[in-house]
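Sequences are here, hints too, so could you generate the full structure?
There are 2 protein chains.
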Amino acid sequence: MTFLESLLAASRRNGSLLCVGLDPDPRRIPAALRAAPDPIYAFCMAVVAATADLVCAFKPNIAFFEALGPAGVATLRRLIADMPRDVPVIVDAKRGDIGSTAAAYAEALFERLGADAVTLSPYLGGDSLQPFLRYAGKGCLVLCKTSNPGSGDLQDLELASGGPLYMEVARRARDDWNANGNVGLVVGATYPAVLASVRALCPDLPLLVPGVGAQGGALADAARAAADINGERVIVNSSRGVLYAGDGDDFADAARREALRLRDELYVAVGAGKAGA
Amino acid sequence: MTFLESLLAASRRNGSLLCVGLDPDPRRIPAALRAAPDPIYAFCMAVVAATADLVCAFKPNIAFFEALGPAGVATLRRLIADMPRDVPVIVDAKRGDIGSTAAAYAEALFERLGADAVTLSPYLGGDSLQPFLRYAGKGCLVLCKTSNPGSGDLQDLELASGGPLYMEVARRARDDWNANGNVGLVVGATYPAVLASVRALCPDLPLLVPGVGAQGGALADAARAAADINGERVIVNSSRGVLYAGDGDDFADAARREALRLRDELYVAVGAGKAGA
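Just so you know, the protein sequences line up as chains A and B, in that order.
Sequential numbering of the first sequence, starting at 66, is according to the working numbering.
Sequential numbering of the second sequence, starting at 66, is according to the working numbering.
The hints are simulated quantities; they were obtained by calculation from the structure and are not laboratory data.
Please note that the accuracy of each hint is not assured.
[Unchecked claim] Label-pair ranges, simulated between beta-carbon atoms:
1) PRO91/B x GLY202/A: 41 to 49 Å
2) ARG305/B x MET66/A: 33 to 41 Å
3) GLY228/B x ASP315/A: 50 to 58 Å
[What the hints assert, rightly or not] Sample of chain A residues with no beta-carbon within 12 Å of chain B, all distances over it, derived:
4) THR67
5) GLU70
6) ARG78
7) MET148
8) ASN245
9) ARG322
10) VAL333
Ideal placement from N, C-alpha and C gives every residue a C-beta, glycine not left out.
This is the structure:
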């Protein structure tokens, strides 16, 4: 099963366009877990278990695990190995490097860590993506227009050939990088008009849409703009909004309630009857 | 001592613009080291010890360590802790992420791993660089024009305002991102004309120049084009050419001979009497 097949299967089974981002902050681990052998693992697994039937994907952000030192990466590896196999795991790594280095990253993320998909930065060009793209069963989600305020610095620059840089990235993703059918794009929820224009250019690519909740985005507008003609192929990510929905020892219940609310809001926004299930 | 001060001090002390890149490949570790408790550590430390008086910096590429799994990152941490303190360590990480994630990367690289400088990708814009830039004593080397064939895909795109994208990155590095005086640029050795135009735009920024040797670049031309008015502030990197100069158990001697040859070639290219020492 490819990443895209696995994504669509989870999305239809769970009636969900929601992705829960796993960005664990050691300072926000509930008291009840602090005595666990690996509190970060225990926290993430509890949230995964509480939400796995409500999401289309999980997205651990590797930076948060790397910030814990070498033990943090081992935690992430064990976490991915133990997560339900029927929900794809997108490792948010935003890698972008060349030749043998890109090959080393691809091996580390896909083979050692067990990612089903990764996020990639396009600045170094198509050959920097190839070592990832050649894993035809894995997803390669390329940064297009990100949700941060400074995303305009480069991404919005108008090209002499017409249109902003991010649309050229979308065009190349569609025309040049998707030979194996495993490419998607990352477009922030903060720009529904951008989402709509990227979707119009790329009717078939999965779109990962971060920026909901803690980063401040209008969920329903974003989901409507990003969904394909069947109301699918959009992965709306919420990280802190779900992880820290409750700060006490009922965090898993609170995470489930918030995930349910977001799932249903997305379902209604995109149109009941369209989003599978 | 800031990264730039440390770089200039090492460069002058050793009469060198050469940086040795540490990209260890477990398949190329000499036989004599394979029984060591940590062969990658032993190999890198032997090369460091053999070349530390010939270089202005070392540049471990974190991808090669991450490819070894969590133990590899622990190896890199120990390696940096044990390397000579008077030669700055640039961790080639090409990170680029937003907000709290960028802050987590900065903490991981600067505080936990012990990097004196890192490489960063600019695609996400100025606010994605800020969590790194605020470490005023650390170096932030931003990808501008990379050495790989596909670097033109995005970096060479002509802007409506005139000039290629990479020159806009150089301009922003100079005007917007360098408030703490800790920014540099990464420009591949394969494009001496690009090096010259970036240097003309940014007379004071340190330039990291990869692409010599295994990636095929014309060393002397690159160094001449990239050097500042004093023949300094250029960091010419060679990785595999030095690491694997010899394949046998004399690898450290071979690495030293090759580093010496490159150092002298750079010294002559930039002009004796200009490059310090």
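Right, here's what the structure says about each hint:
Here the CB-CB span from PRO91/B to GLY202/A is close to 25 Å, at odds with the stated 41 to 49 Å. In this structure the hint that ARG305/B and MET66/A lie 33 to 41 Å apart at CB holds, the actual value being about 38 Å. Distance hint check: the CB atoms of GLY228/B and ASP315/A are about 56 Å apart, consistent with the given range 50 to 58 Å. With a least CB separation of 24 Å from chain B, THR67/A remains clear of the 12 Å interface cut-off, as annotated.
A cut-off of 12 Å between C-beta atoms confirms that GLU70/A is not in contact with chain B; the least separation is 28 Å. Distance check for ARG78/A against chain B: the nearest CB is about 30 Å away, which clears 12 Å, and the non-interface claim stands. Annotated as non-interface, MET148/A keeps its C-beta farther than 12 Å from every C-beta of chain B; the closest such distance is 18 Å. With a minimum CB-CB distance of about 17 Å to chain B, ASN245/A clears the 12 Å threshold, and the non-interface call stands.
Non-interface call for ARG322/A relative to chain B: holds, since the shortest CB-CB distance, roughly 24 Å, exceeds 12 Å. Residue-level check passed: VAL333/A sits 29 Å from the nearest beta carbon of chain B, beyond 12 Å.
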